[in-house]
Each structure stands twice: as C-alpha cells, then as structure tokens.
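Protein chains: 4
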Amino acid sequence: MNSATKRRLQLYPNGMHAVIAEFLQSAGGFETRLAALDDPEHGLTEDVVNSTDVLIWWGHCAHGEVKDEIVKRVHKRVLEGMGLIVLHSGHFSKIFKAVMGTNCSLKWREEGEKERLWNLEPLHPITEGIGEYIELPNAEMYGERFDIPTPDKLIFVSWFEGGEVFRSGCCWERGHGKIFYFCPGHETYPIYYNEQVMRVIANAVRWARPRGFMEHDAPNTPSLEKLSPKDVEFGKAGVQQDVE
Amino acid sequence: MNSATKRRLQLYPNGMHAVIAEFLQSAGGFETRLAALDDPEHGLTEDVVNSTDVLIWWGHCAHGEVKDEIVKRVHKRVLEGMGLIVLHSGHFSKIFKAVMGTNCSLKWREEGEKERLWNLEPLHPITEGIGEYIELPNAEMYGERFDIPTPDKLIFVSWFEGGEVFRSGCCWERGHGKIFYFCPGHETYPIYYNEQVMRVIANAVRWARPRGFMEHDAPNTPSLEKLSPKDVEFGKAGVQQDVE
Amino acid sequence: MNSATKRRLQLYPNGMHAVIAEFLQSAGGFETRLAALDDPEHGLTEDVVNSTDVLIWWGHCAHGEVKDEIVKRVHKRVLEGMGLIVLHSGHFSKIFKAVMGTNCSLKWREEGEKERLWNLEPLHPITEGIGEYIELPNAEMYGERFDIPTPDKLIFVSWFEGGEVFRSGCCWERGHGKIFYFCPGHETYPIYYNEQVMRVIANAVRWARPRGFMEHDAPNTPSLEKLSPKDVEFGKAGVQQDVE
Amino acid sequence: MNSATKRRLQLYPNGMHAVIAEFLQSAGGFETRLAALDDPEHGLTEDVVNSTDVLIWWGHCAHGEVKDEIVKRVHKRVLEGMGLIVLHSGHFSKIFKAVMGTNCSLKWREEGEKERLWNLEPLHPITEGIGEYIELPNAEMYGERFDIPTPDKLIFVSWFEGGEVFRSGCCWERGHGKIFYFCPGHETYPIYYNEQVMRVIANAVRWARPRGFMEHDAPNTPSLEKLSPKDVEFGKAGVQQDVE
Numbered sequence: 001m002n003s004a005t006k007r008r009l010q011l012y013p014n015g016m017h018a019v020i021a022e023f024l025q026s027a028g029g030f031e032t033r034l035a036a037l038d039d040p041e042h043g044l045t046e047d048v049v050n051s052t053d054v055l056i057w058w059g060h061c062a063h064g065e066v067k068d069e070i071v072k073r074v075h076k077r078v079l080e081g082m083g084l085i086v087l088h089s090g091h092f093s094k095i096f097k098a099v100m101g102t103n104c105s106l107k108w109r110e111e112g113e114k115e116r117l118w119n120l121e122p123l124h125p126i127t128e129g130i131g132e133y134i135e136l137p138n139a140e141m142y143g144e145r146f147d148i149p150t151p152d153k154l155i156f157v158s159w160f161e162g163g164e165v166f167r168s169g170c171c172w173e174r175g176h177g178k179i180f181y182f183c184p185g186h187e188t189y190p191i192y193y194n195e196q197v198m199r200v201i202a203n204a205v206r207w208a209r210p211r212g213f214m215e216h217d218a219p220n221t222p223s224l225e226k227l228s229p230k231d232v233e234f235g236k237a238g239v240q241q242d243v244e
Numbered sequence: 001m002n003s004a005t006k007r008r009l010q011l012y013p014n015g016m017h018a019v020i021a022e023f024l025q026s027a028g029g030f031e032t033r034l035a036a037l038d039d040p041e042h043g044l045t046e047d048v049v050n051s052t053d054v055l056i057w058w059g060h061c062a063h064g065e066v067k068d069e070i071v072k073r074v075h076k077r078v079l080e081g082m083g084l085i086v087l088h089s090g091h092f093s094k095i096f097k098a099v100m101g102t103n104c105s106l107k108w109r110e111e112g113e114k115e116r117l118w119n120l121e122p123l124h125p126i127t128e129g130i131g132e133y134i135e136l137p138n139a140e141m142y143g144e145r146f147d148i149p150t151p152d153k154l155i156f157v158s159w160f161e162g163g164e165v166f167r168s169g170c171c172w173e174r175g176h177g178k179i180f181y182f183c184p185g186h187e188t189y190p191i192y193y194n195e196q197v198m199r200v201i202a203n204a205v206r207w208a209r210p211r212g213f214m215e216h217d218a219p220n221t222p223s224l225e226k227l228s229p230k231d232v233e234f235g236k237a238g239v240q241q242d243v244e
Numbered sequence: 001m002n003s004a005t006k007r008r009l010q011l012y013p014n015g016m017h018a019v020i021a022e023f024l025q026s027a028g029g030f031e032t033r034l035a036a037l038d039d040p041e042h043g044l045t046e047d048v049v050n051s052t053d054v055l056i057w058w059g060h061c062a063h064g065e066v067k068d069e070i071v072k073r074v075h076k077r078v079l080e081g082m083g084l085i086v087l088h089s090g091h092f093s094k095i096f097k098a099v100m101g102t103n104c105s106l107k108w109r110e111e112g113e114k115e116r117l118w119n120l121e122p123l124h125p126i127t128e129g130i131g132e133y134i135e136l137p138n139a140e141m142y143g144e145r146f147d148i149p150t151p152d153k154l155i156f157v158s159w160f161e162g163g164e165v166f167r168s169g170c171c172w173e174r175g176h177g178k179i180f181y182f183c184p185g186h187e188t189y190p191i192y193y194n195e196q197v198m199r200v201i202a203n204a205v206r207w208a209r210p211r212g213f214m215e216h217d218a219p220n221t222p223s224l225e226k227l228s229p230k231d232v233e234f235g236k237a238g239v240q241q242d243v244e
Numbered sequence: 001m002n003s004a005t006k007r008r009l010q011l012y013p014n015g016m017h018a019v020i021a022e023f024l025q026s027a028g029g030f031e032t033r034l035a036a037l038d039d040p041e042h043g044l045t046e047d048v049v050n051s052t053d054v055l056i057w058w059g060h061c062a063h064g065e066v067k068d069e070i071v072k073r074v075h076k077r078v079l080e081g082m083g084l085i086v087l088h089s090g091h092f093s094k095i096f097k098a099v100m101g102t103n104c105s106l107k108w109r110e111e112g113e114k115e116r117l118w119n120l121e122p123l124h125p126i127t128e129g130i131g132e133y134i135e136l137p138n139a140e141m142y143g144e145r146f147d148i149p150t151p152d153k154l155i156f157v158s159w160f161e162g163g164e165v166f167r168s169g170c171c172w173e174r175g176h177g178k179i180f181y182f183c184p185g186h187e188t189y190p191i192y193y194n195e196q197v198m199r200v201i202a203n204a205v206r207w208a209r210p211r212g213f214m215e216h217d218a219p220n221t222p223s224l225e226k227l228s229p230k231d232v233e234f235g236k237a238g239v240q241q242d243v244e
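Residue numbers (my numbering), protein chains in the order written: chain A, 1 to 244; chain V, 1 to 244; chain B, 1 to 244; chain R, 1 to 244.
Keep in mind that a hint or two might mislead.
Since copy identity is lost for identical chains, a pair holds within one copy or between any two.
[Said to hold, decoys possible] No farther apart than 25 Å at their CA atoms in a straight line, the calculated lysine-lysine pairs in the DSS-like style are these:
(1) K6 / K230
(2) K236 / K6
(3) K226 / K72
(4) K76 / K153
(5) K226 / K236
(6) K226 / K6
Treat the hints as calculated values from the structure; they're not laboratory data.
Just need the whole structure built from these sequences, with the hints factored in.
The structure is reproduced here in structure tokens:
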C-alpha cells in the first residue's frame, strides 16, 4: 500500500463518497445513494440513473476502467436534465470529457500547498453562505491552461501558493442538464471535511437539480404554414435518426 | 435506386465534396483533398488528418458507419487546432456530437420550401461579401430546438416558409480549434451551386484555419514560488494521465 | 388623437402597466406597484427603486423624456441585484441601452402580421408552462440584426409572416442583476391579454428576483500573503473611486 | 508634486501614450496619433475618431473630467466597428463602463508586488509570441470581483504575490467593434517598457482592427413575403428613432 492510499484510507475509511453523502444528509433536503466503480454497472444501472436528480462524480486513477456504455447512459441522462457535479480529478473522467467535448487537461502538482478560491459571484446560488473566498491550507495544485469550453458562468478562480491560477468553479448547461465543475478534493487531504467546500457542493446540488426531464428526438414535422406550390419534384432522403 | 439517390447523382455526379472542392480551387488560395466513407480509414489517415488545416464534414444516412477510432483522431486534431466546418445533416455526425457534447437533435421536413438565412454579423469574416440574407428557393427545413451548446457567436438564423426558425450558422472554439456549423446542403437540392452558400463556406475555411497546432498534456510542474514548509506529510497519488 | 393612440386607449384604458399588474396580482405571489413617465421622478424615487425586486419596463415614443438621473438610479440598482424585464419597444429605452452598452437597433414593420415565438429552452424557468411556441395572430415585426451583446441564454426566436426572424427572448446578467428582454407588446395589439405572453412575463419576474443586493465598491485591500521586500520605492497614485 | 507624479514623470517624461506609440511605430505596420485630456475635445474630434481604426485608452484620476459628449462619440464609433483597447486603470473610465454596462469595480493595492499573467489562450492572436505567462516584478494589484460582463474570451488571468487573482486580459465584441481590456500599466512602474506587455498591446491592436464600419439604424422595412389579409385595422404608432 503506497503512502497515498494509506493516507486516503486514514482520511476516508468508508470512501470519500460516504463523507459527502453524510454531509448532504445532515444538511437536510437531500436523499443520497452511493455508487462505486466496483459495483455492478458501477452502481449506475438504468434504474438508478433514471431516478437520480443530480449525480456527483469523483474519480482519479481508474478513469479508464469506467465502461463506455455506462458513460453513454449517464451522458444521455445529463442531456435530458440530470444535474452533474464533477469534483477534482474527475476533470479527466470520461463523462466530463464527453459533456465538455474537450481534453480537460491542466497542470498539476502535489505539494500540499495553500489554495485560495476567490468567489467571483457572491450572489450566485452556488456561493450562498460562502464569503469572499475559501482558503485551503493544503491542496493539490491544478493550473491553467484548463482545456474546457468557456464556462457559461465562472464562479471560482483559485490562487495557489506556488504561483499558478485555475478556474476552479465553472458552470455550464448542456442539453437540459446543468453541470458544475469544482476543483477541491484531492484524496490525500481532508478537504471534504471543510465546511465551506461541503457547503458549495450542497449548494451546487440544489442549483443543478432538474426542472424536469426531456428526451431528445429529431421529429419529421408537418409545416405550420401553407407552402407555396413547388415547380420541381425533389427526392426525399428520409429519416434523421440518431446514430447512437 | 430511390428518387433521392437519383436526384443526388443527377446534381452531384462526382459527389458533393467534389463540387465544394472545385469551388474552393476556383476561388483560389486553397489546396483541397477529398475523403469519403468508402476510402480506407474513410480517407482520414493519420498523415492526412495531421496535414490538414481545415476539415469540411458532410454526412447523412451513414453516420453510424464512421469508425469510432477515426472520429477520435479527428476530434483530437480539432482540439489541437484544426478547423472543422460541419455542413447540413453533418449535425448528426459522430464528430459534431463529440465536439459539442450534446445530441444536436432538431426538427426537419423535406418539402423543398423556401429558406432565408438572416445575417446577424455583417462584419464577421464568415459573412464577407454576403448581404443582409441568403435566400434559398428550395431547402430542407431544420427547426429549433437545435440541441447545441450556446454558440460563441451566432452568425445566421434561418426563416422557413413552413413557419420554423433555426440557428443555421454557429461558431464555437474547442481546445485550439475553430468550429463552424452551417445548415444549407441537402443532397436533393442544388444548394452547393449557390454562389452565396459557397462563399460562406470559403469564408468559413479561411476563418477556421489554425494559427498553429498544440498538443494537450497534463504536466506535473514544479512551483514557481517558494512554498512555505508544510507540517504534514501527504501521500502522493501521482500522475494525471489522459485515459485515451 | 391618431389611430394608434385611439386603439391603445381602447385596449388599455388604464394603461398597459395596469393590465400587467392585474395579471401578476391574479397569478399570486407578487406585490405590484405602478410607475409612469408623468409621475414625479417617473414614479421611480430612491425609495421605490430601493424597495423593488424586479422592475418591468415598457416605453415607446417618449424614451427621450426619461431623465438621465433616474436612468442612472435604476441602472445602479440593477447592478446591485434588482431584476429588469424590458418589454417590446423598451429595446430603445435609455435603461436597456445603458445595461447592454449597445445600440439595440433593429428592423420593424407595423402590419399586424403573424408572429410565432419558438421556445428554445423548454426546461428554463422562464418557459414554464409554455409549449413549443407562442403564436400571436397580429404583431409588430421586429427583425434582425438586433444590436445586442450575445445573450447569456437565448430563450425565444421569432418567426414573422413577412419573412424575418428575431431573437425575441434573451437573458443576461449584469453586475448582480438579471435582465430579460421579451419582444411582444405593441400598444395597438391586445398582446398583454394573451395568456402565454403574460405567463412568460410572470415566469421572468420570478426568474429575475434577486438573491440579495450588493453595492459595488473598489476597496484598497491589504495583502493576504506576506510580500517579499521590494528594492525600489514606488510612488502611490492613490484612490480608485468611481466617477459617478 | 507627490511621489507618484514624480515617479511617473521620471518613467514617462513625454507621457505613457508616447512610449506606447513609439513601440508601435518601431514594431511597424501601425500609424499612430496621440490624444490627451488637455487637448481640445481631448484630442478626439469627430475627424480623429472617424479616421481611427483602433483606440487605446488609458486614464486614472481624471476620469470625471472626460466630457460626456466625447464619450458618446467614441462609444458610437466603437459600436460602428472601431477597436478599443482599455489599459489598466482605464477600467474605471467612462468609455469602458459605457461599453460594458457595468460598474467595472475591483479590489486594488499599490505595494509593487509581483504579478504573473497566465496565458489561457496560447494560439489566440493576442498572445502571439507570448509564452505560458508574463511575469511583472512590480505591479499594482487588481483583484476580483471585477464587475464586468462575462468576457467572450478570457485571455489572461493574473496571480498576485499578495494572494489575489484577476481576469487581466478579456475580449468582448459590442456592436461591430472589438474590445480588449488589459490589466498592466500602473503609472509608477516601468511596465510599458516591458517587451511582452508591449507585444500584447501590439497584437491586440492588430486583433481589434475593424473589418469595416457600419452605422446602426432602425429601418421600417417592407415585408419580403406576401402577408395574408388582416381582419382588423390596427393603428400605427410609428417611427422607431433612436433617442440619442
């Protein structure tokens, strides 16, 4: 067992997801379920995904082990309306890269340095109860250039002791779903015991909850207005069906 | 042979791609190459992709036959800087959906109706030489809701005789590459013989040409500033390598 | 009295604002107040503005008569968090132009033609309860190019019988305030008696209500980190105070 | 004469504008003219403004002395296509606030601390020839929250020694004009002698140069399609003329 694993197990003996779920439970207003890589279908069966309002995703070394079909299932549901909160090293998860359409690459460094997340949107629902900034005494550095589409709304920008900056809280909408990326959460630091970090996550879940779900289709629709007569007969190439 | 195929072969005996390439050749300033589904690797070998500045993509019924590995290759190159012009029913191509991260679904109707593309950005390089609008006497209707991320810049919005509207010219940047979606181009209409449509395509190729190419990596970087001493020893979880 | 005035008085004997307020009252959950050009300070005293959550603005021929100091007052409050709903010909109001920073110019035509507003965001709070589109049998045409900054979110795009299109429902955030422009509302048509139009306005008021108010300042702040000694003595140019 | 003025005159005996113009002259490809607050009409007569492609704006303590009519003239021309580069404390200029529509407030501190501007868009024309970052040994701190509309493109984010971050290079388009805000340039530091800073300014001028100029109007336009007969006679309220 290497030092990182040892440290992680010390901090999160039941997993990081358990700590996050406990916080949400104690905050009230949330019903939580856990899903992990080793569960059948990674715990993300059709039933689970289709009855989830907001999915929180954390992953690190095992991104490659996540099955493509599960990623497609989650992706489809996000576009239909499910919220998605991606934490820390989840930036390199298949699902985050799929919804972004980019590499999501960044700089990094594990030196336990200080991070200060500046709150750019003090009246946004995600920063409710957070002051001017969040200060983390020890964090993994994530630095720009972060290869993401321009966020619809940039919520946090981080300052790092070692000299870098990072867009550490970013909102997007894709299809009918809301997506929030939030930087804090390295497994060898007790970050998910930080009250402010957890408050942001809880706020983000509330922000990302769907106003409904809607499937996407590509309907062949009759015209609403009467068309003028056409003097050419055009062939009809037919149905626009999705390839997936 | 159905009526649509017959009509297409009549209009484009050597393929639509040949007509587009001829226009670009005659416009001057472009070096063109053709690639088709039936070519080995769809004509998009590593060499071809890596020596292409801007790729124009048209596809319709056979999106599902395009190999995933070729799509990944093209996607990677777009993020590194290659321009991508997606035409008409290419909205449902694997590559467009991959760079958008959305379904790209829409409404449609083949009645040969009138389309008028309104030019919202008369001083944008893509609309150089185009007036207030482009009028197509016969076109396939594509209607909203078009499931795309909000365009960085909306260039054209279409009015259709039958009563619909459509965001028919849209710009995005992803990674270091520029992407332009342009609606006209149904295979049973002589749209790629329309001077204005072709001018937009030529303009878009010029607009999308790369200022260079850059690979994405996720470097572990030393700090630029001296870090204060840390009073805890954290484990190091290690390398951020991309899963692809 | 010209035909337009006659028609307006017939449709809205107590003013359009009264009809809108009545609808909001009957919808429930809103407390409304009226303000008009001829009121002292246009009805927008400091007290009124500072105790308003969302301001709905309609204006037409008399934009030039609105006092600059009142516009500044409203503008300041929008940036502090007050919601702003701008209706129809309010596109040319001083306040809309001030928050946009652009001309807000557009094409127009008064022929009582059909307008169909397509709903691009069926799960957005502003379109709650609205279907695929709103159809108005008679409307003034507003056409592109509408000179506005790219909306954060484009909610409606209109199709007009006469051949034009228009971005007829647009969201922005400026400072801490939310802004919605909504096209329908010509004074010679009974548009504010249309259930769907009114529902959009009520939804927009709910969407735009502030999560709080925050003044903007430009504080001279001490450093959070200890600065290294500097080997040059720089002069200090001093206070960054706002010019207004 | 206070220490700041003394320092400024030492560094820029002929003004900062002269140093910037000299750099552009020596870079080649630019024709430059100078304009200052004390010149008649601040040096920005109709003739000057209407024959300028890109205007660089720096100001600090005297923003309030800039005449509103000159600001309106410049604003109008930006919307018609003129590029605008706003430097450093120009963030609080009347013209920048007018095109943004926001307060443009920020935090600040004059301690001569280190600033590192991270380049988020290494293939953007504005960063041509600039590496991963620009490091300034001594700079005034500008910190978030910077009250601006979300930039169309975020080019630089600054790290400050004292613990803050700042969106220090931002692009927008308004009307037909391009706008770039660039943070460096405090008058008591020799920043406009920094090769990288000057290169960014030269690049920005090239990027912002107009593709043409276009006035905004609000034309009453005839319909392109034949309208169906209307069964009501609506009054016509008439001309949409701009209030300015």
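Each hint tested on the structure:
When the C-alpha separation of K6 and K230 is checked against a cutoff of 25 Å, the pair qualifies only between copies, where the shortest distance is 19 Å, while the shortest distance within a copy is 74 Å. For the identical chains of this complex, K236 and K6 are inter-copy neighbours only, at 10 Å across copies versus 64 Å inside a copy, given an alpha-carbon limit of 25 Å. Taking the shortest alpha-carbon separations for K226 and K72, neither the intra-copy value of 40 Å nor the inter-copy value of 44 Å comes in at or below 25 Å. Taking the shortest Cα distances, K76 and K153 sit within 25 Å of each other both inside one copy (23 Å) and across copies (22 Å).
In this assembly of identical chains, the alpha carbons of K226 and K236 lie at most 25 Å apart only when taken from the same copy (19 Å versus 28 Å across copies). For the homomeric pair K226 and K6, neither the shortest alpha-carbon distance inside one copy (71 Å) nor that between copies (28 Å) is at most 25 Å.
In this structure, the hints that do not hold are numbers 3 and 6, in rising order.
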